[in-house]
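Novice: Here are the chains, one letter per residue:
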Amino acid sequence: MNTQWEILVVDDEEVNRESMAAWLREDGYFVDSAASGREALEKTQAKEYAIYFVDLKMPKGIDGIETMMEIKKIYPDASVVIITAYATVDTAISAMKEGAIEYIVKPCNPQEISLLVGRIIKVKNLERENTMLRKKLLGQYQFQDIISKNAKMMEIFQLVKEISSMRSTVLIQGESGTGKELVARAIHYSGDRADKPFIAVSCSALAETLLESELFGHEKGTFTGAISQKPGKFEMADGGTILLDEIGDISPKLQMDLLRVLQEKKIYRVGGSEEITLDVRVVAATHVNLEDAVRQGRFREDLFYRLNVINIHIPPLRERMEDIPLLARIFVERLSHELGKPITGISEGGLKKMMDYGWPGNVRELENAVERAMVTCREHVLTENDFQFLNGAKKDAQEWEIPQSMTLEELERQAIVTTLRRCNGNIKETALKLGMDRSTLYDRIKKFNIPR
Amino acid sequence: MKSLYLMPVGAPDERALDILKHRFEQELGWDVRIAHAMAIPNVAYDAKREQYEAIHILRAAIEAMPRDAERVLAVVDADLFIPMLTFVFGQAQLKGKAAVMSLARLRQDYYSLPVNAALFYKRVEKEAMHEIGHTFGLTHCTEKHCVMALSNSIQQVDGKLAEYCRSCAILLQDSVSSLATDR
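These protein sequence lines are chains A and B, in that order.
At position 330 of the first sequence the residue is numbered 330 (the working numbering), and the sequence of numbers has no breaks.
At position 77 of the second sequence the residue is numbered 77 (the working numbering), and the sequence of numbers has no breaks.
No wet-lab data here; the hints were simulated from the structure.
All figures in this text were calculated on a predicted structure; none of them were measured in a lab.
Positions of the beta carbon are idealized from the N, C-alpha and C atoms, including for glycine.
Each hint should be verified, as a subset may be incorrect.
[Stated by the list, open to error] DSS-like, lysine-lysine: derived pairs with alpha carbons at most 25 Å apart:
1. Lys95/B with Lys43/A
2. Lys57/A with Lys144/B
3. Lys48/B with Lys2/B
4. Lys73/A with Lys60/A
5. Lys2/B with Lys95/B
6. Lys124/A with Lys144/B
7. Lys97/B with Lys21/B
8. Lys106/A with Lys48/B
9. Lys447/A with Lys47/A
10. Lys341/A with Lys135/A
11. Lys253/A with Lys43/A
12. Lys135/A with Lys106/A
13. Lys122/A with Lys144/B
14. Lys124/A with Lys149/A
[Stated by the list, open to error] Covered stretches of chain B (chain A as the covering partner; in silico rule of three or more C-beta atoms under 8 Å from a C-beta of chain A):
15. 70-80
16. 149-156
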């Protein structure tokens, strides 16, 4: 009945701890004992106990209250019962102040101890049940690593399950930070290619020629630095899945190469003539609207149709606000472990603040915001004060809108002019703020004829 | 045949020992013997509390255990305690070889009530079955009439029957028969 709960008895006197342990074992509890505070901490580090019975007076090393405080550093919710032979008001007060659940004077009536143990275990059982139910509930909202209870997202989960074992190309569209890569991974790992490689390539991170050799590999001596033959990401993904992220950013030449790969299921290494036949499932992702790009002639229509066999559009976070509390809670749980901060949740006010915000950076921004709040938080719960930084961000996000019919060059010019003014013409500072080299900045100033 | 030894510590009520011998012969199907009486170890006495510490008697009983004994139940007339608690009716090694029980608080006169021999012997049976049950690995039972139910007061002892409930009986039998097949 009680076998799942473990109790630790800490007392320097062997007879005391062994008789107490034996008495508790008769009730069905698994009981460990420790002869000193130090031993108790070693055991506590290895596992969590439901109840700690700690003798107040232990001659060697740390006493009962110190032991309790150390246990509480490891498990802030630990139920510690302090035991003493002589009751003094001072020690009782300090024990309770430091978080003892009970302070008992021995010898104690057996009925009292039974009731106390029963009471604590009842609470522990409820807590455990609560955690279990929450996990169960969460499981309902979880698909692979994606968490949502939004109806549209649920449809996506369903679709992913249905298509995961097909070979058809998938196009995933969605704003930055919505989790396009997670969906691509979910497709791969829930299908029959799960034990084969999943390779992700960001197409916007590399220059055209580099990207080409990255994707298709190259033969030895093809270009300076090509000292040996190197297989590309397509070859590495053979049998599995390749994710081409930010597909909207690739050059016309690469668009054509890719079209050929999709049609012929073959590749040639850069500088090579040997054709390599591959079995790779292609999943492409983009945050730009590819239909628009096709209309404007920036993206090949035939490639678009090849990619867009199955289309998944991930809604931005502002269209699935119901996920914010769920996601935020999960981030708090995960980060509290990673950051080693015992933060247990988010206050009503904190949640409201999050619900009022627009989240242009979507789930990724939410995760970063929770992390930032947790780093500065001094309590056990995140409150609206911890999310004050969202105020300014929201204002900026609302005010910032790209003026109509403005070219990229004009935008760049504006950005440089404004930043220069803010930095009082300081080139070094301006370059740093804009994230560009000083030489590039000088170039642009010259090119755009910006007065200084 | 396996043996259970009932070990008188000091000079406990002889009839109580006879009743227990009979009861355990039936219950376990073992050879139940009454061992030579043992004096209460001095170390067990706590002058301040005017009680005897259960664990010292338990240890002495284990030491004095006859070679052929599979289990030993020390029966003592004196009142027992463990440091943490004001008293205990008895104490056992869970899944172990030995247990100890006290007769002191099973008597009506302990509570300043008229002597009632029948009630006393019934209580003796219950407490002995309870402690021996622990040595066979049984823990406290949630069935309140079961002899393995937790009893911290004489009222709770009286509230249960001198019987193992269905599931405790099965567990006890399993444990007893697994011992028989051990050798």
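Novice: All hints, please: hold or fail.
Specialist: Right, here's what the structure says about each hint:
| no. | hint | in the structure |
| --- | --- | --- |
| 1 | Lys95/B with Lys43/A | holds, 24 Å |
| 2 | Lys57/A with Lys144/B | violated, 37 Å |
| 3 | Lys48/B with Lys2/B | violated, 41 Å |
| 4 | Lys73/A with Lys60/A | holds, 21 Å |
| 5 | Lys2/B with Lys95/B | holds, 16 Å |
| 6 | Lys124/A with Lys144/B | holds, 23 Å |
| 7 | Lys97/B with Lys21/B | holds, 17 Å |
| 8 | Lys106/A with Lys48/B | holds, 13 Å |
| 9 | Lys447/A with Lys47/A | violated, 66 Å |
| 10 | Lys341/A with Lys135/A | holds, 21 Å |
| 11 | Lys253/A with Lys43/A | violated, 64 Å |
| 12 | Lys135/A with Lys106/A | violated, 40 Å |
| 13 | Lys122/A with Lys144/B | holds, 18 Å |
| 14 | Lys124/A with Lys149/A | violated, 29 Å |
| 15 | 70-80 | violated (count 0) |
| 16 | 149-156 | holds (count 3) |
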